[in-house]
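Participant: Each chain is listed here by its residues.
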Amino acid sequence: MSTTKAIMKESAVQSKAGPKKFSAWLIPGLGHWMQGRWIRAILLFISITCMFALGLAMRGMVYAPNTGDVLDMLGFVGDLGDGGLYILSVVFGWGHHIVQVVTADYGTKFIVVAGLLNFISAVDAHSLRVGRKR
Amino acid sequence: MYTPSHFTAVLLFALFASVVFGITQRSETRAMVRYGVYCFSLFVLGTIAASWVMWLIKH
Numbered sequence: 001m002s003t004t005k006a007i008m009k010e011s012a013v014q015s016k017a018g019p020k021k022f023s024a025w026l027i028p029g030l031g032h033w034m035q036g037r038w039i040r041a042i043l044l045f046i047s048i049t050c051m052f053a054l055g056l057a058m059r060g061m062v063y064a065p066n067t068g069d070v071l072d073m074l075g076f077v078g079d080l081g082d083g084g085l086y087i088l089s090v091v092f093g094w095g096h097h098i099v100q101v102v103t104a105d106y107g108t109k110f111i112v113v114a115g116l117l118n119f120i121s122a123v124d125a126h127s128l129r130v131g132r133k134r
Numbered sequence: 001m002y003t004p005s006h007f008t009a010v011l012l013f014a015l016f017a018s019v020v021f022g023i024t025q026r027s028e029t030r031a032m033v034r035y036g037v038y039c040f041s042l043f044v045l046g047t048i049a050a051s052w053v054m055w056l057i058k059h
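Here the protein sequences line up with chains A and B, keeping their order. Note that our numbering numbers the first sequence so that position 101 is 101, with each residue one more than the last. Note that our numbering numbers the second sequence so that position 51 is 51, with each residue one more than the last.
Note that these hints are calculated values from the structure, not bench results.
Per label pair, the in silico range of CB-to-CB distance:
# : chain 1 : residue 1 : chain 2 : residue 2 : range
1 : A       : His97     : B       : His6      : 17 to 25 Å
2 : B       : Tyr2      : A       : Trp38     : 26 to 34 Å
3 : B       : Thr29     : A       : Val130    : 19 to 27 Å
4 : A       : Gly84     : B       : Met54     : 33 to 41 Å
5 : A       : Val99     : B       : Thr29     : 37 to 45 Å
Treat the numbers as computed from the prediction; the structure is a model and nothing was measured. Where a beta carbon is used, it is the ideal one built from N, C-alpha and C, also for glycine.
Take the sequences, apply the hints, and build the full model.
Facilitator: Given below as structure tokens:
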């Protein structure tokens, strides 16, 4: 009986966590902010946003959905992790140019890694929420 | 257009990635700082070591 209650409680937490996971992905650090961990949230927001902004400033490329080269598809998956920043880049047309200099290649990597770091941040916020981490 | 040197780009990358790694991979504040510094050192020293290896391969 207690096992059933535990499973029901866990599933209730999981179903409530959906929108919060989404918000943690949408804005870097928001998942931590909503749990009152403000310093962590601010540091995550600054780190991920600065990395994305620096990538754009270096004229890095933002990947569009594609079915071409495997690395291009993985680049798109990484960029998706940027959440709201990726949506803004699509809306305003940021990062849609050809990579011609080596710093632009670095910039492309900065943008992809910012997305991957945001995935890690969102998963961490979820772990904090379900009590897997303090 | 921002055009940092290669080493500056490494330092920026290492700084931001280490902050996120430190926060997400450890629970205590002190451990977070230590792990962040550890990751930053590994990023920078690893890049310098790899650069020397590439220089030796070329020469």
